[in-house]
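Engineer: What follows is each chain in one-letter form.
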Amino acid sequence: MKRSKERKSKAKEMFPLSIADLKKQLSDAMHDNPDFQLQEFQVGASKILVFYITVMINKNQLNSSILSPLLSKKNDWTLAEIRNKLPLGNAALQTDLKAIMDDLISGAVGIYVENEEGLLTYLIPQQEHRKVQKSDKESTVLGPQDAFTESLDTNLNQVRWRLNSNDLVSEKIIVGERVKTEIRLMYLKSLANETDVQTMRQRLQNLVMDEIEDATPLTYFIEDSSMSIFPQFYQTELPSRFTYSITKGKVGVLVDKSPTGIIAPTTLFSFFESTEDVFMRWNVGSFIRILRFVALIISALLTPAYVAAVTFHYEIIPTPLLTSLGSSRAAVPFPPVIEAMFLELLIELLREAGARLPTKVGQTIGIVGGIVIGQAAVAAGLTSNILIIVVAISALASFTAPSYLIGSTIRVIRFPMILLSGFLGLIGVMAGICFLVIHLLKVTSLGRPYLLPAYPFNYKDFDNTFYRLPNFISNLRSVSFRPKDMIRYKQKRTKKMKDIDE
Amino acid sequence: MNRGISVNPNVVVKPNLRIKAFYLFFIITSLQTGSGIMGVPRYIFMEAKQDAWISVLIAGGLIHLVVAVMLVILNKYENADILGIQMDIFGKWIGKLLGTGYIIYFFFVLVSVLVDYIQVIQIFVFPRVSPWLLSLMLILLIIYAVSGGLRVAVGVTFLFFFFSLWLLIFLYKPISLMDFEHFQPVLQASPAELLRGARKTVYSYIGLEILFFIYPFIDNKRKAKQSAHLGVLLTTFLILLVTVICIGYFSGRELVEQIWPVLVLFKIVEYAIIGRFDVLVVTEWMMVILPNIIFLTWMITYSMKRLYKVPQRKALYAVGATAFVGAGLVKNEVVILNYIDRVATAGFWIAFVYPMLLFPIVLIKRRKYTKQKDGKD
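Protein sequences, first through last, are from chains A and B. In this text, residue positions in the first sequence follow full-length UniProt numbering: the first is 1, and each later residue adds one. In this text, residue positions in the second sequence follow full-length UniProt numbering: the first is 1, and each later residue adds one.
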C-alpha cells in the first residue's frame with residue numbers, strides 16, 4: 001500500500017512535465033542512442049512528442065496508423081482522445097520511466113502530449129526472421145515438413161494452429177536479469193499432469209541468470225541432472241512433434257529467439273520415437289522403431305565387441321571367420337584398440353568437418369573421407385578391411401536416431417566402451433553396460449524415471465514405446481506419465497472374429 | 001502391548017521410497033540364483049547321486065515353509081524389519097548384537113560371491129588377470145548403484161533379470177543331448193542322503209533373508225505373500241532344471257569333476273557367428289551376480305544405519321573398501337571352495353534355521369497383536 005503510494009507520488013513528480021524535460025530524461029535513459037528518434041509536433045495548441053527506436057518498429061504502421069491520424073487533426077489532442085481515435089488496439093498508459101524503456105526496447109512507439117498525467121505506448125514491433133522452412137535437422141519422409149523459426153510469434157502461431165483448442169494453455173514467463181527473454185510454457189489443461197506442469201513452472205520461475213542464449217542451453221539449467229551424458233528433455237524443431245507430445249499430456253516450452261521447442265518429461269525411449277512412426281502403418285512403424293533400438297545397440301556395442309573378440313577372445317570367433325579376419329589383420333601392426341580408435345576418430349572428424357563446412361565442400365569431404373581415406377588406410381596397412389565395415393555400420397546406426405542429441409550421446413559413449421574392451425575384453429564391455437544401466441536408472445526427467453516404462457515396469461506402455469499396435473487396440477495414452485485423461489478414443493471394433501465365408 | 005520397554009520396531013518409509021510387491025518376485029529370484037546355481041548340481045549330486053532332483057524338490061518345499069514363517073513373523077508387526085523385531089524381542093543390546101551378526105554374515109556372503117565370480121572369470125576367460133582389478137571394477141559398480149538407494153537396486157535387479165533370462169534358451173542344446181538312463185535307478189538314495197543333498201542346495205537359496213529387510217518398504221503388503229512364494233518357486237524350478245540337465249548330460253564321474261557344471265553345459269553351444277558360448281555366459285553372468293552384491297551391500301549399509309546411525313554413504317564406502325581388500329586377498333582355489341563352504345553352512349543356520357527358532361518366540365511374545373490395518377490396504 002505504502003509502496004504504491006510512493007510510486008504514485010514519484011510518478012507525480014515525473015508527470016506532468018514539459019516536452020524538453022521529457023526529451024532530456026529519455027535521451028539520458030537511452031544513453032544517446034543514435035537509433036532513438038524523438039519527433040516533436042505541434043497540432044493545434046498541443047505539443048506532441050512521438051518517440052521510438054527506429055530499428056525496432058514497423059515504419060509503415062507508424063506512418064499510417066499513428067502519424068497520419070495524429071497530424072491530420074486540426075484542433076487540440078488529449079491523451080484520452082488519442083486513445084480513442086488512433087486505429088491501434090494495444091495502447092498502454094505508462095507513468096514510470098522504467099516501464100517506458102521496457103516497452104521501447106521491445107518495439108513500442110511512445111506518444112506524449114505536453115502537461116498530461118502520463119504517456120501512451122503502442123507496440124508495433126518489427127522483427128526480422130527467416131520464413132518457415134523445411135526442417136533439415138530432423139527430417140521426416142512422411143507428415144508435415146515445416147519447422148520452428150527463431151520468432152516466438154511464428155512458433156506460437158504454428159502450435160496454436162495445429163492445436164486449435166481453447167484447452168491449450170500458454171503461460172508467459174520472463175527469464176533473464178540483464179537480457180530478458182520471453183518463455184512460453186504450453187500444455188493442455190485437461191490432460192497434462194499437474195505435478196509436471198508445476199515442476200516445470202517452478203524451475204523456469206526460479207531460474208536466475210543474466211541471459212539465455214537459446215532453448216538448448218536453457219535445458220541445461222533446468223534439467224534434473226547436469227552430470228549425466230543423456231539429454232533429459234526432448235528438443236525438437238518440428239511443430240508436429242511438439243504438438244504430438246503435448247496432445248499426449250506432456251509439457252512444452254518455447255523460447256523466444258530460438259527455433260527449438262523443449263518437451264518434458266521424456267524417457268530414453270522417446271528419443272528413438274519419430275512422429276513418422278505414427279504416419280506409418282502400425283506394423284511397418286513397429287518394424288522401424290525396433291530397427292532403431294537394434295541400431296542403438298549396434299552403434300554402441302559393435303566396435304567394442306569386435307575389439308574385445310580380436311584382442312582377447314579369439315575362441316568365440318568361429319574358425320572360418322577367424323581365418324579371413326586373421327588375413328585381413330595380418331598387415332596391421334597395431335593392437336585392435338588403436339586401430340579402432342583411429343578409425344572411429346576418423347569418422348568423427350569427417351562428421352564434424354561435414355557439419356562445419358559449406359554444403360558444397362561438405363559433399364566432397366564425404367567422398368574424400370569415405371573412399372579415399374578408407375581405401376588408403378587399408379592399403380597402407382593401418383587398418384583392416386573388416387574393421388572399416390564394422391566402424392561404418394556403427395556410425396550409420398548412430399545416425400538413425402531421430403534426435404540428433406541422443407545420436408551424439410551414443411557416439412560419445414562408444415569411445416570409453418572401446419577403451420574398456422581393449423582393456424578388459426568382454427568383461428570390460430559388460431561392466432560398461434552395467435554401469436550405463438545403473439546410470440540410466442538414476443536419471444530422471446522432470447522427476448520421472450528415465451527408463452519408463454521398462455522400470456518402473458508398466459506393461460501397458462510398451463505399446464507406443466517399443467512397438468506400435470493397431471489402432472483398435474491402442475486407444476490409451478501413456479499410463480506412466482499419468483495424464484488426467486487416459487482414453488484417447490473409445491474402442492469401437494468388436495473383438496469377435498467372423499467365421500470364414502459368413 | 002509391551003511396546004513400552006525400549007525401541008519401536010517399526011520403520012517409517014516415505015511413500016516415494018516404497019516399492020511394489022510385484023518386484024519382490026524378481027528380487028527374491030535374482031538374489032537366490034546368484035553364483036550358487038553355477039555349481040550347485042555337483043554338490044547335490046555328490047550327496048544324493050541320481051536322485052539329486054528329489055533333494056532339490058525337498059529343499060524347495062522347505063524354503064516355502066521358511067518363507068511362510070518369515071511372513072508370519074513380519075506380519076506380527078505393523079511395519080517392522082528383522083532388526084527392529086530382534087530389538088523388540090531380545091531387548092536393545094542383544095537385538096543390536098544379533099543385527100551385527102547379520103551384517104557380518106552378509107559381508108562374508110558378499111565377499112564369497114565376489115571371489116566366486118572373479119575365480120570363474122579367471123578360469124573361463126582371463127587366466128592371468130589380477131583379481132584386484134576385477135574386484136575394483138565390481139566394487140565401483142556396487143558403490144555407484146547403492147548410492148542411488150533402494151530404487152536403483154530394485155531397478156537393477158528387475159532389468160538384469162530379463163537381460164539374463166535369455167541364457168535359458170540356449171540350454172536346449174544340452175537338453176537335446178540328455179541321457180535319461182542316468183536317472184535310473186530312481187530312489188536309490190537314503191532319506192538321510194536326500195536331506196544332506198537338500199542341505200547342499202542351501203547356498204543357492206541364500207538371499208531369502210532380503211525378505212526380512214525389504215518387507216517394510218513394500219507398498220501393497222497383501223500381494224507380498226504371493227510374490228515371495230512365486231519367487232521361491234521360480235528359483236526351485238531353475239535349480240531343478242539345471243540339476244536335471246546336469247545329471248542327464250554328464251555321466252556321474254564327469255559331474256563330480258566339474259566345479260561349475262552349469263557353465264560347462266554352455267560350452268557345446270555353437271553358431272555360425274559365435275564359437276565358444278561359455279565366454280559369453282560368463283560375461284553375461286555379471287548381470288546375474290550384480291543384483292546380488294548390490295542388494296547385499298544395500299542390506300549391510302542399511303543395517304549399519306539402522307543399528308548404529310552411521311550415515312549410509314560413509315558405510316557404503318567403508319564396506320566397499322573392505323570388500324575390495326577381502327575379495328582381492330582370497331585367491332587360492334582350495335581356500336575359495338573352503339570359504340564358500342563355510343559361508344553356505346552359516347547361511348543354512350542364519351537364513352533358514354534362525355527364522356524357525358524365532359517363530360515360536362515371536363508368536364508367544366506378540367500373541368495379543370492383531371494387525372489393525374488388515375483389510376484396509
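Calculated directly from the structure, the hints in this document are not laboratory data. Fair warning: there could be bad hints in the mix.
As the list claims (entries may be wrong) - Derived EDC-like pairs (lysine to aspartate or glutamate); straight-line CA-CA distance at most 20 angstroms: (1) Lys14/B with Glu257/B; (2) Lys221/B with Glu78/B; (3) Lys223/B with Glu78/B; (4) Lys20/B with Asp461/A; (5) Lys267/B with Asp136/A.
Treat the numbers as computed from the prediction; the structure is a model and nothing was measured.
Engineer: Are the hints correct? Go through all of them and say.
Structural biologist: To see whether the hints hold, each was checked on the structure:
1. Lys14/B with Glu257/B: violated (51 angstroms)
2. Lys221/B with Glu78/B: This hinted pair holds, its Cα atoms lying about 11 angstroms apart.
3. Lys223/B with Glu78/B: holds (16 angstroms)
4. Lys20/B with Asp461/A: With Cα atoms ~18 angstroms apart, Lys20/B and Asp461/A stay inside 20 angstroms; holds.
5. Lys267/B with Asp136/A: The given pair, whose Cα atoms are some 50 angstroms apart, is violated under the 20 angstroms limit.
In terms of the numbered hints stated before, the structure departs from hints 1, 5, listed from lowest to highest.
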